[in-house]
Amino acid sequence: DTGVSQDPRHKITKRGQNVTFRCDPISEHNRLYWYRQTLGQGPEFLTYFQNEAQLEKSRLLSDRFSAERPKGSFSTLEIQRTEQGDSAMYLCASSSPGMTETQYFGPGTRLLVL
Amino acid sequence: AQSVSQHNHHVILSEAASLELGCNYSYGGTVNLFWYVQYPGQHLQLLLKYFSGDPLVKGIKGFEAEFIKSKFSFNLRKPSVQWSDTAEYFCAVTAPGGGADGLTFGKGTHLIIQP
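Protein sequences, first through last, are from chains F and X. The first sequence begins at 1 in the numbering used here and counts up by one. The second sequence begins at 115 in the numbering used here and counts up by one.
Keep in mind that the hints were calculated from the coordinates and are not lab data.
Keeping only pairs whose Cα atoms sit at most 16 angstroms apart, straight-line, the calculated EDC-like set for lysine to aspartate or glutamate is:
#, chain 1, residue 1, chain 2, residue 2
1, X, Lys163, F, Glu101
2, X, Lys175, X, Glu202
3, X, Lys221, F, Glu44
4, X, Lys163, X, Glu178
5, F, Lys57, X, Asp215
Not the full set, but computed from the structure, chain X residues with beta-carbon under 10 angstroms of chain F:
#, residue
6, Val118
7, Gln120
8, His123
9, Leu158
10, Leu160
11, Cys205
12, Ala206
13, Thr208
14, Gly211
15, Gly213
16, Asp215
17, Thr218
18, Phe219
19, Gly220
We treat Cβ as the ideally placed atom computed from N, Cα and C, and that holds for glycine.
Next up, chain F with everything else stripped away, as it sits in the complex:
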């Protein structure tokens, strides 16, 4: 078990550029979640996948955000036309479904939009 990994760990971009983040879940986990965390706040849910199906999206996820999990393994989160307000830590978590579901988090990707 190598844990959840995320790439890149840090990203600096200019306003208006597109960025893409990758998350590799724990191998046997078929649920994958994306969260956003800003300074002084706890993580906030963005979206989640069960296998390759995206089952839920938060209202926080504007039209500029899109997430995919094409083969039910790794996932990507893309932000188009970035804005300064998108600056945050983007966290990925994975789990196995069940009544005692427990999510395990990756190290996050810290995005700074200039």
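Based on the hints, put chain X in the right spot on chain F.
Below, chain X without anything else, positioned relative to chain F:
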């Protein structure tokens, strides 16, 4: 909608002091409860969790939490803290089975332990 309130945003203690961090949640149904910890420069790690049964749950590194259903609380405790407990602590809640809306987190408590 679920919500989680952590009463103390910053706590400073001396080594060997006892710790209690408050967590209250708002949710109209059965919940699963979690405490996560984020040490400086590290990712969120699971400290302990409650699903059902004994309301007093024990986690890693000597931490424990008590679920009090009547008070909608899940306070975190440790009888004697160490300098290495300096970290950010997050309380989180979800419906059993997880899924929709994921985990709902509190804003976190930044704990500083002075040697």
